[in-house]
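J.: In terms of the working numbering, the sequence shown opens at residue 17 and continues consecutively.
Worth flagging that the hints you see were computed from the coordinates, not collected in a lab. Model, not experiment: these values are computed from the prediction. Each hint should be verified, as a subset may be incorrect.
To be verified - In silico DSSO-like cross-links for lysine-lysine, where the CA-CA straight-line distance does not exceed 30 Å:
hint	residue 1	residue 2
1	Lys-177	Lys-51
2	Lys-41	Lys-181
3	Lys-51	Lys-181
4	Lys-41	Lys-177
5	Lys-177	Lys-166
6	Lys-51	Lys-41
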Amino acid sequence: MSEIKSTLDLVLERTAGLSLSPEEKARQEADELDKQAQGLAARLNSGGLRSRELGAELDLRPPAERAALVRAAAGRLVDLVDFNEAEINPQIREALEILLGQAAEPVWEELNLARREYLAGLDRERALDIERLRAELAARGFSGSALRPKPRTELDQRPFKAGVKRRLA
């Protein structure tokens, strides 16, 4: 008499020879590292993780994994920077210093330079937008020195942050 197999037995039989390709395995590991880095950066930025706790957490990892996690978390901190704020959040500087130690200073300087370049580019785009809006309003019959159009100019911050993130790679 033939035996009745469970669904689990059938699945196990059919998948017995299957395994992840090296590319898939590497992609999964990179995704996992990115998730860990994102969580680490969020905890550092919120003040929920301090240097002693970070050191203890990183000491649990092998050196190569530790270095990759530190670089990835620093990159995630750079992603958290909003160049439209009056100044870069000082908590991010502190978090970068906790992660990178002495290497944080050049990253911080490059981040501030990227912010200045972003703001200069934003000012240029706003000026062009104001001129375009004035021309549109003039074509409709509106003009005068009191006319001050409000541009809704925004720039993508990612290209400005890319140089900083390359330094961390």
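J.: Now tell me, hint by hint, if it's right for this structure.
T.: Results of checking the hints against the structure:
A C-alpha spacing of about 20 Å is found between Lys-177 and Lys-51, which places the hinted pair at or below 30 Å, so the restraint holds. For the suggested pair Lys-41 and Lys-181, the alpha carbons sit about 24 Å apart, so the restraint of at most 30 Å is met. At roughly 17 Å between alpha-carbon atoms, Lys-51 and Lys-181 fall within 30 Å of each other, so this suggested pair holds. With a C-alpha separation of about 29 Å, the suggested pairing of Lys-41 with Lys-177 holds against the 30 Å cut-off.
Our distance criterion of 30 Å between C-alpha atoms is met by Lys-177 and Lys-166, whose separation comes to about 27 Å. Between the alpha carbons of Lys-51 and Lys-41 the distance comes to roughly 15 Å, so the proposed pair stays at or under 30 Å and holds.
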